[in-house]
Each structure stands twice: as C-alpha cells, then as structure tokens.
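Asks: As a plain string of letters, each chain reads:
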Amino acid sequence: MTAARPDAHDAVRELYAACYGRLVGMVALAAGSRAEAEECVQEAFVRLLGHWSRVSRYDDPEAWLRQVAFRLLANRMRKARNGVRALLRHGPPGGTPQPSADRVDVAQALARLPLGQRQVVVLHYLVGLDVAEVARVLGTASGTVKSRLARAREALAPLLREEGSFHA
Amino acid sequence: MPELHDLLAAEASHREPPARPPFDALLRRHRHRTWRNRGLGGVAAAAVLATVGATLPGLLGAAGPPGHTPGSPPPVLVQVAGQLVEVGGPAPGAPRGVPGTVRFTGQGRQVTVATDAQGHFSTELGPGTYTVTGTTPLIEDGNGICRADEPLTVPGTGLPHVPDEVVVSCHIS
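As you go down the protein sequences, you meet chains A and B in turn. Going by this note's numbering, the first residue of the first sequence is number 1, and it counts up by one from there. Going by this note's numbering, the first residue of the second sequence is number 169, and it counts up by one from there.
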C-alpha cells in the first residue's frame, strides 16, 4: 500500500460525499444491518486511498468500492458463520411474522435468504449487473450466481407475490 | 405490483445512513495503516541488510550512512505515530486531539516532534524504550505535562511488530 497524495485525498473525499450513503444502503440490503454495511463501506474507502492512483483510471470507481465492500461483507459473514455454525444449523429464528397481505415487506423477504442469495439479488436486481458481472464482483462462478438467483427467486416469489416481475 | 428493482431501491434508500462519519477519520485510519506498513517494511529491510552484513561486511560498510561504523549493521529506524489528546475536565467527553509538541526521551537522547492541529504526530525512532511526554499551549500555557500511559518500546531488528499508535494524554482536572 502506498500513501495517498493530497490531490488523491480530495478526489476520494468527493467520491465519499457523493456515494457513501448510496453504497451503505445497497450493502445494508445484503448485510441485513446498516452498522455492518457502514463498516464494510468505510473500510472500502480506506483501501481506496491506498489504491487511488490505479482505481482513478477506471471508468467507475464506485463499482470498485462496491466490489470491495461486498467482498468484505462476505468475508466478515464467513468468519462469523464459522464461529456460530452450530447455531446457524437451526436456521432462521422461528416465529417471524408473515408480511401483511396489503404490504410487501421486501426487507423481511430478504432477511429470510442466506447472505449469498441476498448479495446476488441486490447486485442483479438493484444494481442491474448481469450474471457474469455479479460473478466477477463476488469472485465466484457464474453457475453459482445462477443457482443462487434461482433459489432466491423461488424463495421470494411467494413472499412478494412477484412471479411476474422476475426476469433475470 | 411494483417491480422488484423498485422495491429494493426504496428499501436501500431507507437504509442509507442519515449522516456519514468525517472523511478525516478515514484518512487517519489510512495514514496509520501506511505508517505501520512502512515500519514493518523498515524492520524487514534492516533484517535483510543485517544478514548480508554478516557475510559481506566491506560492502555494507561502504554503503552505510555517515558516522556509521563500517561492518556493523545499519541503525534501524521504526516509524512511530500517535496523537496528543486532552482528557478529563469539568465536562469530560471523548479524548480530543490538541496541537503541541511530543518528546521521546531514552537511549541517552531526546527526540522532539511537533503535532498537527489535531494532535497527530509521527517520527522515526531507533530501537529502545522511551518515556513519552508532551505539552500543548492550550493547557496551563504550555506548562502542563502530558504523558503516555506507559513507556514506548520500539522493537529492534527482527522483532515481529511495530508499536501501536502512541496516545499522549493531557489530563485536565
């Protein structure tokens, strides 16, 4: 890692002001926690300071930040999961109320998905990346992304009553 | 029924934080990390030179700094960083960085370094143990003494870590 120069600081500061909130909102959807998302996005910006000379030449530095933040999230969750694997074997907590009939609760629907499926749903349906791009961002195979999307669609469809809206 | 994209976008918007932390806080994290990495790099480089010096003393002596004894390992300098802060007072809150000077005393010499406006400082020190004190014009007109909680130990060649950030506290009664 190299020290960022003052003009790099200004550029990153500008990017930080422009897209910090948007990135946190996006990552929070996958993380299920704003605090977790903020930590990942802040760490991504800290890393950006060390890589600005390279990333500044990219067409979309925000995409680099998003990729780093999503990968950090996956790493954090993996570590946490290893620590509480036995607990997670029991699945999500029971007694979660179903979404009311007149209100689609997308947050609740997402919360029922595993992290990997939440990530592909956010990157594909919200960010608009195709399967290959999602695979690149997450550092995984396209086939894995396809299967996660398929399982997520299957899980979300009855909750969101959105069968007609899914067009991957 | 809205599209999934619209639902997700609305939910993401709801989850955006009301405010973002100061950018300077991220800069400090980055600088601290850079200093630590440089310190580690310095230790690693010195370790390599010391090893080479054992087999090629003439070559190492020719490349040594002024005043450096030919054939002996070059002095190791480790980057040390920290912050001068004020703590306590009538309405104590989180420690607040203050400008001033920080002095490292040890190994038969003193090193004095000025801080920036937020109390941040960095310098390079050789291996050894140092007493760290500081002063700030904001407390007792510069006559109050600020201290680190414990002496600072700078590792020598081959040790596995550099010191964590040094905090020099100015206690206000």
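Just so you know, the hints here were simulated from the structure itself, not pulled from any lab data. Predicted model only: the values in this text are computed from it and were never measured. In this text, a Cβ means the ideal position worked out from N, Cα and C, and glycines have one as well. There may be inaccurate statements among the hints.
[Unchecked claim] Computed, partial: chain A to chain B, Cβ under 10 Å:
| # | residue |
| --- | --- |
| 1 | Arg13 |
| 2 | Ala17 |
| 3 | Val24 |
| 4 | Val27 |
| 5 | Ala28 |
| 6 | Arg34 |
| 7 | Ala37 |
| 8 | Val46 |
| 9 | Arg47 |
| 10 | Tyr58 |
| 11 | Trp64 |
| 12 | Ala109 |
| 13 | Asp130 |
| 14 | Ala132 |
[Said to hold, decoys possible] In silico negatives: residues of chain B with every beta carbon more than 10 Å from chain A:
| # | residue |
| --- | --- |
| 15 | Ala177 |
| 16 | Ala180 |
| 17 | His182 |
| 18 | Arg188 |
| 19 | Arg201 |
| 20 | Val253 |
| 21 | Gln278 |
| 22 | Pro323 |
Asks: If a hint holds in the structure, say so; if it doesn't, say that too.
Replies: Now the hints, each set against the structure:
1. Arg13: holds, 5 Å
2. Ala17: Since chain B brings a Cβ to about 8 Å from Ala17/A, closer than 10 Å, the hint holds.
3. Val24: holds, 5 Å
4. Val27: Check passed: Cβ of Val27/A comes within 9 Å of chain B, closer than 10 Å.
5. Ala28: holds, 4 Å
6. Arg34: holds, 5 Å
7. Ala37: Since the shortest Cβ distance to chain B is 7 Å, the answer is holds.
8. Val46: Holds - the Cβ of Val46/A comes within 10 Å of chain B, reaching about 5 Å at its closest.
9. Arg47: OK, holds: Arg47/A within 10 Å of chain B, min 8 Å.
10. Tyr58: At about 19 Å, which exceeds the 10 Å cut-off, the nearest Cβ of chain B leaves the hint on Tyr58/A violated.
11. Trp64: violated, 16 Å
12. Ala109: Given a least distance of 9 Å, the restraint on Ala109/A holds.
13. Asp130: violated, 14 Å
14. Ala132: This interface hint is violated because 19 Å lies over the 10 Å limit.
15. Ala177: Non-interface label fails for Ala177/B: nearest chain A Cβ at 6 Å, not farther than 10 Å.
16. Ala180: violated, 4 Å
17. His182: Label violated. Min Cβ-Cβ 8 Å, cutoff 10 Å.
18. Arg188: Non-interface label fails for Arg188/B: nearest chain A Cβ at 5 Å, not farther than 10 Å.
19. Arg201: violated, 7 Å
20. Val253: holds, 21 Å
21. Gln278: holds, 27 Å
22. Pro323: Holds, since 21 Å exceeds 10 Å.
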